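Protein chains in written order, with the numbering used here: chain A, 38 to 547; chain B, 76 to 252.
Treat the hints as calculated values from the structure; they're not laboratory data.
Keep in mind the model is a prediction, meaning the values are calculated, not measured.
Any given hint could turn out to be false.
With a cut-off of at most 30 Å between alpha-carbon atoms, the simulated BS3-like pairs for lysine-lysine come out as follows [to be verified]:
#1 Lys423(A) x Lys81(B)
#2 Lys299(A) x Lys327(A)
#3 Lys81(B) x Lys429(A)
Residues on chain A that point at chain B, a partial pick, calculated with CB under 10 Å [what the hints assert, rightly or not]:
#4 Pro171
#5 Ala223
#6 Tyr231
Quick look at which bits of chain A chain B covers, simulated, 3 or more residues with Cβ under 8 Å [stated by the list, open to error]:
#7 49-62
#8 147-158
#9 432-443
#10 451-457
For glycine and all other residues, C-beta sits at the position ideal for the given N, C-alpha and C.
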Amino acid sequence: MISTFDSLVDGAELILTPEILAFILIGISLGILVGATPGIGPPVGIALILPLTIPLNRWDAFVMLFALYIGAMYGGAVSAIILNVPGTPGAIASTFDGYPLSKQGNALYALNISILASSFGTAIASVLLILSAPILVSVILLFGTPEYALVAIFGLTIIPLVSQDSNSKSLLAAAFGLLISTVGMAPMTPTPRYALGLFELYDGLAFVALLLGVFAISEMIKLSAYEGSISGDQDGGTEERSDVSIREYLSDILDHPLTYVKSTLIGLVIGFIPAAGGSVSNIVAYAEEKRSANDSESFGEGDVRGLIASEAANSGTIPGSLVPVLAFGIPGSATSAIILGGLLMHGLQPGPGLFADDVYISYATFLSLTIGGIVLLIVGLLTVTKMSYLTKVNVNLIVPVVCVLSILGSYALNINYLDVVAAVAVGFLSYLMLKYNYSLVAFIMGLILGPIIEENMYRSFQLGGVSVFVDSYVSLALVVLILLSLFGPLARILYDSYVKQLLREDTTYE
Amino acid sequence: MQHEEKLFLATVLGISALMVVGSYRYSPIEAMMPRTASILVFFFSAIILVQEYTSIQPADGSADLSETMTDMVNEEERDDDPFGISREARKFRFGDITFSFRILVAALLTVYVVLGYLIGLYWSSLLFVFLYSRFAGLNKWRTAGLLLFTFGALYVFGALLDVPVTAGYLLTTVVNP
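The following block holds chain B by itself, in its conformation from the complex (with noise of 0.2 Å):
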């Protein structure tokens, strides 16, 4: 079992614990659907876990943060490339450590998310378009292309469905309370 996967297994298993714990504040009768889902979890990853571990033994039997850090920046992308067609699945370099792809766009969209909160979506998706196209090595015109579509899907949200696109927390309570 891969080091994202136990990740993955735990959050699970976390959010399932936290949702037992907190269902003792309701009723039996409302209680009854959200424990029975986390018995559940609980019963189906234990028998992932214990088919992980009666089929192939791990090369360490211990996993810490950090190594688990370093197995998710450093991945070898060997088997998933969703459409079949083999290729090197594409890296991204800070410093001497050598990240997935992947892990910088879900960075970008965790600083696009927050930003967005911040200064409104319509600021945010433009520089979330903007440091995409850097990274990913875009020439200018299709940079240019990009921020001219994320022009016009926040001109179809904000003017045509009446999203508060320019509205967020530090522009609505900070600079114009």
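Okay, chain A solo, but in the shape it has when bound (with noise of 0.2 Å):
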């Protein structure tokens, strides 16, 4: 078996050439770009990008997409802290104190602690990845087939935990997800299901094709019912000038350590959790920080460890996020999930053997977040001050740009016109969805984990029937797991109401 310092070393040549350097900082000022012009953010800049990838070798493809990653959480923080408007779901918490900072005349200062945050949080974070992969590899060896299924049932169970969104409409979207994914060749039999006598649908439904319309074609749409800029009437006001050096905002960081290191572990460990994410890690991150500062009532007037907690945790976040891509195929938010379709575009198939055999390209991909860190520190402080005009950009551009870009993007994939039909009539369902809040990134999970989950369940009940998800500890912690997220809502409502209906006797005898 290779070496852990052999297969660093091989990821490291892999990461460190001139042109996958290039390809880091087209990717984070794009992303940059994205994730800051509100209207279009992370998961529609990414799925845009994606086909434009395909004649990319996979290597300058994949740092590609990883720094895009990088740049659109930071750029989500960039509406978040100038209009009050998060840019993606993982900068809300930087709304609380970033823009009441941005009020009292400091846009420039809160966007330069954002962008030292999210530089901290991903590269720290990658790092202690790089450190940990040894103890990450043990772990996930310990998943086998039925382990693997268990894991994939899980990230669809625990969704309504995590979402914002209703249980049942979250689960609705889910099982209709599980049910697209039926489309194509069954993963035990050699048989198309519901192809219609179409050899295009043999290998089912475009992934990369559905996630542009889940995501690009239905935001349009619910972006075209309004004029002028996203931002309205609201002005940045980052063209202020600033006396601050870089030397003394990165004093800051030395003058809240804590917050920074305690907000990019809660991120990076949520970022594991599927189906979690960047928009579950910023609120419990703040929250965290706001019950243990001694001086809380500062927090939502403006108190600087506030953002620095909401995006040290968001940007913590990708690189755990992309643990259970690389080591099951389970994305952890809307993001991972076309970072995941890019991977599998690229011919990339994750699995356990990532983190064992092929663990250099783990190794690389957390060189890669490391250098994309930092390479986002040098281009966010270079156009934090140009920052403004991207929330200023009107809506009628972005809507027939985004449109045209999908309904090519979606053709370039296999060069198969179906894709596109699917990626427009999917895009008018996931505008529905949006619009009465069933969740678009359950419906998301629900279409990878299919083919996992009954691709693992037929190789596990061909192990040994149903023994086999009870047989090892993981397993049988996985179906507790499991019970707790489809029951722990329930069994906590039933007591809320005997909790009520004992205070309500109470008051009665009184």
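Could you fit the two chains together into a complex? Lean on the hints.
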């Protein structure tokens, strides 16, 4: 077996080339652009750029996608700070203190802090993953076929717990995703299902085309009802000149080292959880920072610790969320689902093998993220004064451009017009889902996890029937987690109503 | 529950029902997943409907297709500004009926896809952008800028990515077979 150090060197050789560094730079810049433009955002932006990576060689494409993810995650904070409009769900908590800072005339300071926190979060979380890779490998190798099936099922059942949408609507969306995933060749027999006699449907509906429909087309239909710029009449105000030097900003890390480290760790750990992602981690880190502060009353009034917590956590989530993507093919968020689509499109098959025989791939991934974090710091600080222009882009310019790129992109994948039809049809359905709070992430998770569940359940049953699901401690723990995620909320509702009833009876006696 | 949501649920349930019926052509192992997923769709739809009708009674008990269409074209955009900035949603007038601009964009996209199949994505993309610019009331400079961008995108996809953007059913089978 190749040693850890050799694998790390192999990964570094793959990444440390001028070409790769150039693609990281391009990815970060494009990511900031799409993340900071309200109305586009990371999922739409990355989905649009995905088809354009077709001619690139796989590692150029991979590092560009990872860099896009990093840049877009930071970009989401720009509109959160300037307009009080989170560009991504991962930047919701950044509005709590970022926007008050902006209103106090400190928009530039807040943006610089968010760059530092995002850069720190991504780079440190990636370094931690590189250091802990040998432990991760041993944990991931505990997962066999039955555990793999159970992790995928857990990924579906946990959605209502981590999404802000209604439970039953999220689960309906996930079930519908599962159903649509059955179109195409059955994993266990060479039988095409629901192919309608069309050879083009034998491989199922093209995943990236569906992503373009779900995220880009639905969002554009929604956006088209509004005129002018998303920011309306609000003024960004980043044109202010700041006398604060970069050295002083960097010294800010020394002022709040615990906030940076703790929030990055929270982000990293939450990233591991399927279906959680930056939308959860930024809120959790913010709440934890506020809880542990002695002077918590300043939170919400422009306390820089709140902004650091949110940004370090959502960026720390990026490397964490790529672990289940690489190890199991299970994404942690909408954006990582699109990254997964990109990996599959370029022929990388996720699985425990990426942490065993081909562990250099994981090292190369985390190294590229570390470099991406550093590049973000440079690009971010160089472009920060121009950020408010992006928030003023007219909706009428965004909608036709994104629609045309979505249609061309979905056709370019396989030169199959059925993909275009599928993208637009799913786009229409997704618009209705978006409007009535049916979780799009749940739908995508169903689409991704459907084949994983089906194939691994079938293999598990062949291995030894139902008993294989309780044979190991890992599978037993996963079964318990699935049951808890399914019935936990119900038990909580019953418990709450029981407590309320008791309280009511007490009041009656008094 | 608004009529659009009913339309969405009806579509999802219709697709699920068709897939359950279709699953009888496959072996039990092949049919297991589609049937399980369909059962879950039916189950959660039932829960949503029960939750809806046990908590909020609709103003009128029935809704036919004409009501649905009227509701969709005259909808009041009350609650779904995705960016939390309250302002009135854009409308589009066609004769006496006021449409949501979203309906127009959906219709334009449908025309775009149909035309793309018939005459190829090259001309249909340009036509889509031109029509969108006209309906959105963009001035000639912005329209020209958008058309220029579309030309650029078509060049990238056509020349650099080798995507046959000019190939359409009519052109390849009727005009130039």
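For each hint, the structure was consulted:
no., hint, result
1, Lys423(A) x Lys81(B), "violated (45 Å)"
2, Lys299(A) x Lys327(A), "holds (12 Å)"
3, Lys81(B) x Lys429(A), "violated (36 Å)"
4, Pro171, "violated (37 Å)"
5, Ala223, "holds (5 Å)"
6, Tyr231, "holds (6 Å)"
7, 49-62, "violated (count 0)"
8, 147-158, "violated (count 0)"
9, 432-443, "holds (count 8)"
10, 451-457, "holds (count 3)"
Violated hints, in rising order: 1, 3, 4, 7, 8; the structure is consistent with all others.
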